[in-house]
Each structure stands twice: as structure tokens, then as C-alpha cells.
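What follows is the residue order along each chain.
There are 2 protein chains.
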Amino acid sequence: MSRAKLKIAQKLKLKKFRAELNLFVAEGLRLCEMAADFSQVEFGFFTADFLKSARAEKLLGRLEKIAPMYEISERDFEKISDTKTPQGVLLVVRQKFSALEDVLKKFLVVAMDAVHDAGNVGTILRTAEAFGCGVVLLEDSAEIFNPKVVRASMGAIFTLPIIKLSRQEFLRAMKFSGVEVLAAALDTSAEFYFNHDFTKKSAVVFGSEASGVSAEIFGAAEKIFIPMSGSAESLNVATSAAIIISEAARQRAKI
Amino acid sequence: MSRAKLKIAQKLKLKKFRAELNLFVAEGLRLCEMAADFSQVEFGFFTADFLKSARAEKLLGRLEKIAPMYEISERDFEKISDTKTPQGVLLVVRQKFSALEDVLKKFLVVAMDAVHDAGNVGTILRTAEAFGCGVVLLEDSAEIFNPKVVRASMGAIFTLPIIKLSRQEFLRAMKFSGVEVLAAALDTSAEFYFNHDFTKKSAVVFGSEASGVSAEIFGAAEKIFIPMSGSAESLNVATSAAIIISEAARQRAKI
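Protein sequences appear in the order of chains A and B.
Using the numbering used here, the letters of the first sequence map in sequence onto residues 1 to 255.
Using the numbering used here, the letters of the second sequence map in sequence onto residues 1001 to 1255.
Only chain A is shown next, with the shape it has when bound in the complex (with noise of 0.2 Å):
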């Protein structure tokens, strides 16, 4: 019945919810083809509203052969969403996280230790989708299931191999594989990112936007920096990975 399947898309807003029932949600046509294309999808609503484009049709097609799809209300589906202007579809999907050989098969290994902020994580795991790195997410980082999360790595969570270790699993992980693990630090001190060679395969470890990189990962890494010229203390943490991120993949495409 559509009523218990719609409690259960409302409750999965909560993140105790998601973590028990190993669900969460995608929202909109462009993460719903994504989640139709690479996840296993549960079940789904939408609204009569949604279907007035040729593409919206074609994907509730496709959905309706992969799992039962209720049509609801403009009323309910608000319930559910987690947007100002929905889009009238949304899917409930299956969570699942990546082999460690599916992250280590990649150029490089992006790492992060307690970043907080969902909207950081997010744009962070669509930074090293597009640039094709493998992500490990370590103790205490915001939940990559979380609706903004998702969001923000516009579709990133459903293609990424993505991996959860404690940090000293990750540590452990990394030399016995022989990636070296960076962190990259506000130490002027250390290596300049751009002087860094990342032909050889790395882990870059990004820390918490208030405090960095954790003590337990940073005693254990080679430092990197990205030097400033401005009076700024420091880069939000997504930029710092952008920067880094492609200046590993610019190294790799000049070989």
C-alpha cells in the first residue's frame, strides 16, 4: 500500500532511519535517472504534474518496469521532499558502499576526515567523480546519504566507488597497498601542492572546515600546501580539494 510506503519515504528524512532501514532518497528527474541507471531502486512516487516533459515520461517508463510507482498528491509529495520547488519524482533507493579494490583501482584516493558541512561533502564527492578518483570516508564526516548530500554531488554518490574506514583502517589500507597518504595542511613549511609528483599513486586526506586534518591522520602523512597570496587564513575545504584534486589530474595528463 502507497500509505505505509509514503511514511516510510518520511521518515527516511531522519538520518537514525536511514542508517536502520539501509535506504535513502533521490529526488528530481536528473538524480532519478542516475538512481534508475546505477542503484537498486525500491519503490517511487510522483505527481500527475510531473509528467509533462517526453523525458519524465520515458523515465517513469523505465521505473515502472524496475519497481512499483505510486502516483500521489502535490500535497503528500511535499511531505516527502526536501526541496522549496519540487520536481514530483522521488525514489527510495538501497545504500551500498564500494569494494576497496573498486577506490584503489583509481589515480588517486581523495580522503575525508570530519568534514562536517553536507553541501562541502557533496560538491567534494562530485569534484572526484568528474576527475575519476576512488573516496574513502573516514569517522565523524557528514552521512553521504543525507538528502543535501546527495543533492549537492549532483547524481556523484550513485557512480563513485566510495568506501567507509576508521582511520586506522585507512592508514592500514594505504601502506599496505603502497599509496602514500597526504594531508593537506596551513604549514608553509611544507611541500607546495604543484611540487608534489602525483604520477605516483596518493591519498589526499581533507580535514574538518574548523580544525583540519585529524591528529591521528596527520602524524601519519606527508604535508601539502597550497600557497596564498591574500590575507585569507585558509580556503573552504571544497576549494582546497578542487585545486588539489585537478592538479593531480593535470600532472597525469601531461605525461
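A hint or two may mislead.
[As the list claims (entries may be wrong)] For lysine-lysine, the following BS3-like pairs were computed, each having C-alpha atoms within a straight-line distance of at most 25 Å:
hint	chain 1	residue 1	chain 2	residue 2
1	B	LYS1084	A	LYS15
2	B	LYS1148	A	LYS148
3	A	LYS84	A	LYS52
4	B	LYS1254	A	LYS201
5	B	LYS1065	B	LYS1096
6	B	LYS1148	B	LYS1013
7	B	LYS1254	A	LYS223
8	A	LYS105	A	LYS175
9	B	LYS1079	B	LYS1016
10	B	LYS1254	A	LYS254
11	B	LYS1005	B	LYS1148
12	A	LYS7	A	LYS84
13	A	LYS13	A	LYS96
14	A	LYS254	B	LYS1201
15	B	LYS1084	A	LYS148
16	B	LYS1223	A	LYS254
17	B	LYS1016	B	LYS1148
18	A	LYS84	B	LYS1013
19	A	LYS200	B	LYS1254
20	B	LYS1200	A	LYS254
21	B	LYS1084	A	LYS84
22	B	LYS1148	A	LYS84
23	B	LYS1084	A	LYS16
24	A	LYS84	B	LYS1079
25	A	LYS84	B	LYS1016
26	A	LYS164	A	LYS15
27	A	LYS84	B	LYS1015
28	B	LYS1052	B	LYS1079
Derived by calculation from the structure, the hints in this document are not laboratory data.
With chain A held as given, fit chain B onto it using these hints.
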């Protein structure tokens, strides 16, 4: 009287009144320190609770010498604050733009062409400041005195040379000054951004989240492209800005 001033601070939440009064609001310890250093402070407010650190006491001492400061209740403070957990200090500051020559003195000009999201505009200002760029605001970008932009800029708004120009004025000014205009484009046949020679002075234009750089600017600009290897169609605009600005700075540092 502090009641009338409180009303003004409250009204400044609206763009209309910010434009009318030519004022805006800086909130929190760090932003207020920067406002005191770099801006014309008209008046300000604090709560008893704010004065719990030596740094806060010192700031208030300085502020009291330059502008009327009013102690108000927590309840009144909540009315003027734009944050969930207010720090208890807020200043009303005069809006100011820079002269074109101050923008052009910088090694790189960063122009925003209808960048709508306040968080993106603030983050681009923060990045531009960190690398020592000048900024041009073209039509339809988010208003830089919006509290969300001020916050995301982390104070860059106080120290950056920023000018507002129409698209036509901008193109004419760059031509007149011999500054090449570049547009970040989703065009794989365009020059890769890292192959462009940024040791010559250039102006890079970043466009709207949904539709990129306006036709008017696009037609007159050289296109540069950020090559991507994932399935993403594009990058966040503040991410693209970080990648191109840092590459320009890297090339300068490498001379």
C-alpha cells in the same frame, strides 16, 4: 536611540533596504574584526554574553572608539541575527566598491556573470582573495552584501578589490586595458585551461549554475575547458573557479 538603530539592522535583512540605505551587516567575532579594520562601521550591537573572551573585549574596546555600540538583550539580538547560533556581535557597515584600476592591478581578474547562488558567490570571493585576484560583478549575480555571501566570503568582501560593471562596460574596459577575456566553457574542443598562458594578464568569466556564461560575454571571449574523466557533465561553478584561479597562480609561481 538604540531602538531606531535596531529597526535599521533588522530591515537590512532585506536587499531592498540594503540598496536604499547603502549599508549591510557583518556578524560574528572574525567578520566584525575585519569590518573594524577595513570598513566604515556606522554602529553596532552586542550582548552581555559576547564578552566572554579577551579577544571579544579587545574588539569591543576598539569598536567603541569608532562607532556607537549598543548592548542589547539576547532576544533583541535574535531579531537582527541571520545565524542559528549567534555569537552576540553585529555591525552595520557602509557598502563600498573599488575603482577599476585597483581591480586591474591584480594579476588576474575574476568576473561573475549571473552566478546566482549566494554560497557560490561567497566562496568565489574567498578563493579570489586568497590568491590575490580582482573581482568584477556583472549583471544578475547574487548581491554581495547578502548576509550569506558575506559569511561564505569569510571577510574577503572587506579586503578584495570589487567593482560592478555591465557586460558592455566590462568588455570595453578589458579591451581598452589589453586584458584578454576568457570564459570557462563546457566545450571539449576549447583550449585546456592548463595549456593557457596565464602569465599574461587575463580576466576569467564564470557563468550561471544552470546555463553558464551569457551569450554576450561568450561571443567575445576565448574559451577554456577543464577536462574531466568521470561521468559528470559539469563542475560546481565555485569549483571551476578554484581550479582555474589556482592554475593561474601556479603558473605565476613557476616563472
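Outcome of the hint check:
1. B:LYS1084 to A:LYS15: holds (21 Å)
2. B:LYS1148 to A:LYS148: holds (17 Å)
3. A:LYS84 to A:LYS52: holds (19 Å)
4. B:LYS1254 to A:LYS201: Holds, at about 24 Å.
5. B:LYS1065 to B:LYS1096: Satisfied, since the Cα-Cα distance of roughly 21 Å is no more than 25 Å.
6. B:LYS1148 to B:LYS1013: holds (10 Å)
7. B:LYS1254 to A:LYS223: Judged against 25 Å, a Cα distance of about 20 Å means the pair holds.
8. A:LYS105 to A:LYS175: holds (15 Å)
9. B:LYS1079 to B:LYS1016: Holds, because 18 Å separates the two Cα atoms, which is no more than 25 Å.
10. B:LYS1254 to A:LYS254: Status holds; Cα separation ~16 Å.
11. B:LYS1005 to B:LYS1148: holds (22 Å)
12. A:LYS7 to A:LYS84: holds (20 Å)
13. A:LYS13 to A:LYS96: holds (18 Å)
14. A:LYS254 to B:LYS1201: holds (24 Å)
15. B:LYS1084 to A:LYS148: Holds - the C-alpha atoms of A:LYS148 and B:LYS1084 are around 18 Å apart, at most 25 Å.
16. B:LYS1223 to A:LYS254: Given pair B:LYS1223, A:LYS254 holds - Cα atoms ~20 Å apart, limit 25 Å.
17. B:LYS1016 to B:LYS1148: The given pair, whose Cα atoms are some 16 Å apart, holds under the 25 Å limit.
18. A:LYS84 to B:LYS1013: Roughly 20 Å separates the two Cα atoms, so the pair holds.
19. A:LYS200 to B:LYS1254: holds (21 Å)
20. B:LYS1200 to A:LYS254: Measuring from Cα to Cα gives roughly 21 Å; hence the hint holds.
21. B:LYS1084 to A:LYS84: holds (20 Å)
22. B:LYS1148 to A:LYS84: Judged against 25 Å, a Cα distance of about 18 Å means the pair holds.
23. B:LYS1084 to A:LYS16: holds (23 Å)
24. A:LYS84 to B:LYS1079: Status holds; Cα separation ~24 Å.
25. A:LYS84 to B:LYS1016: Given that 25 Å is the threshold and the Cα spacing comes to 23 Å, the pair holds.
26. A:LYS164 to A:LYS15: Roughly 16 Å between the alpha carbons, so the hint for A:LYS164 and A:LYS15 holds.
27. A:LYS84 to B:LYS1015: Holds - the C-alpha atoms of B:LYS1015 and A:LYS84 are around 21 Å apart, at most 25 Å.
28. B:LYS1052 to B:LYS1079: holds (22 Å)
In this structure, none of the earlier numbered hints is contradicted; all agree with it.
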